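Undergrad: The whole structure should be built from the sequences, with the hints applied where relevant.
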Amino acid sequence: MSHATHHHIRQKLLNIASEHDFANLALEVFRHQAQHCEVYAQYLQYLHTKVHKISNISQIPCLPVELFKQHDIAQAAFGNIFPQSASFYSSGTGSSGNSRHFVADVSLYEASFEAGFRHFYGDISEWSVAALLPSYLERSGSSLVYMANKWLEQARSGAFFLYEWEQLKAFLLDNEQKGQKTLLLGVTFALLDFAQYCEKLPLRHTTIMETGGMKGRRRELLREEVHEMLKNAFEVAAIHSEYGMTELLSQAYSEGGGVFRCAPTMQVLCRDATDPFSYLRPAQSGLLNVIDLANLYSCSFLATADVGRVYADGSFEVLGRADHSDIRGCNLMLA
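Our numbering applies: residue 1 is where the sequence shown begins, and numbers increase by one.
No wet-lab data here; the hints were simulated from the structure.
From a predicted model like this one, the values you see are computed outputs, not experimental measurements.
Some hints could be false.
[Claimed, not checked] Below, in silico cross-link-like pairs of lysine-lysine (DSS-like), each with a Cα-Cα straight-line distance of 25 Å or less: (1) 200 - 178; (2) 53 - 12; (3) 150 - 181; (4) 150 - 169; (5) 178 - 150; (6) 169 - 181; (7) 231 - 181; (8) 200 - 231; (9) 69 - 169; (10) 150 - 12; (11) 169 - 200; (12) 178 - 231; (13) 69 - 53.
[To be verified] Label-pair ranges, simulated between beta-carbon atoms: (14) 28 - 202: 46 to 54 Å; (15) 197 - 276: 38 to 46 Å; (16) 55 - 166: 55 to 63 Å; (17) 200 - 10: 45 to 53 Å.
No residue lacks a Cβ here, since even glycine has one placed at the ideal position from N, Cα and C.
TA: What follows is the structure, given as structure tokens:
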């Protein structure tokens, strides 16, 4: 991909306005990655995929995300042409090690998560942000911490918190008194710990957004149980959620009830658990495939081990993890 072509695709990527735009760009990105992403190209060859005959995104084979633990899923042509790159790592809580996602152009990741947040919540500069992410802050290479840090740079005010419950409570109460719109972004076990510490803390101007992750810190709970506990503690109508993972550069968000909607650069499909190349009808349960066009310089077509269902309008739910897969730091609780 030449510099001119790169700029052309990036512009289209950040200006997707319809399903038609998404589908056309997905096919363009697929043809490029099928040629230039070595691991993906080998995977397609193994499947005997006739790339030139792919005419619909439902025909595009998706690469198992587990391969990020064993290979560098990157396009060598982009290793040195951008001024700033980054490597993100999963938490490695499973037995098979960490996933590594080399991001050749980290500015594209920034543009993607800024546009995704704006699509659902408006400009981050209007918000105050409290990032309660202790398990992620305690290790390096977290894409979630990178995103939260950029939000904090652009937000009206904010800070990271580890286990400073009293400072976090004071921060939220100060914003409540000011009527300042606030985002409390937290890993699930830490939000539950904070709720237990506070007992009751009515929040009228705060959006609580959990990122998943119990990580053995508490017994596993149903998502509904967690959300009910948090709603009661903070007297809010809904608990929001963020869906993302190390291997993705786009996010999906739930504004309550565990139903996620994708950023414009992302689409989720539901495959048959017994046939990875067969997609299910809306609302049927299966395994989730993600098309993330922001993964322009790695692989945009990924088969996850998340069990879920996708609805006719493109929204989706995550019901848990396939039994054979590792429990990962960013995945949601069982539903």
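Undergrad: A separate judgement is required for each hint: does it hold in the structure or not?
TA: Evaluated hints:
For the suggested pair residue 200 and residue 178, the alpha carbons sit about 19 Å apart, so the restraint of at most 25 Å is met. For a cut-off of 25 Å, the pair hint linking residue 53 to residue 12 stands: about 23 Å separates their Cα positions. Of the pairs offered as hints, the one joining residue 150 and residue 181 holds, with about 18 Å between alpha carbons and a cut-off of 25 Å not exceeded. For the proposed pair residue 150 and residue 169, the alpha carbon gap of about 22 Å is at most 25 Å, so the pair holds.
Our distance criterion of 25 Å between C-alpha atoms is met by residue 178 and residue 150, whose separation comes to about 23 Å. Between residue 169 and residue 181, the direct Cα distance comes to roughly 15 Å. Compliance with the 25 Å bound is thereby established for this hinted pair. Simply put, residue 231 and residue 181 have alpha-carbon atoms about 18 Å apart, close enough for the 25 Å limit, and the pair holds. Between residue 200 and residue 231 the alpha-carbon distance is near 10 Å, which keeps this suggested pair within the 25 Å criterion.
Of the pairs offered as hints, the one joining residue 69 and residue 169 is violated, with about 38 Å between alpha carbons and a cut-off of 25 Å exceeded. A C-alpha spacing of about 23 Å is found between residue 150 and residue 12, which places the hinted pair at or below 25 Å, so the restraint holds. Among the hinted pairs, residue 169 with residue 200 is consistent with the structure: their alpha-carbon atoms are about 11 Å apart, no more than 25 Å. Restraint check for residue 178 and residue 231: the C-alpha separation of about 22 Å stays at or below 25 Å, so the hint holds.
With a C-alpha separation of about 30 Å, the suggested pair residue 69 and residue 53 falls outside the 25 Å cut-off, and the hint is violated. Against the hinted window of 46 to 54 Å, the Cβ-Cβ separation of residue 28 and residue 202 comes to about 50 Å, which satisfies the hint. Between residue 197 and residue 276 the C-beta distance comes to about 44 Å, which sits within the given range of 38 to 46 Å. The hinted window of 55 to 63 Å between residue 55 and residue 166 holds, with their beta carbons roughly 59 Å apart.
Residue 200 and residue 10 have their C-beta atoms about 47 Å apart, which keeps the hinted 45 to 53 Å range intact.
In this structure, the earlier hints numbered 9 and 13 are contradicted, and the remaining ones agree with it.
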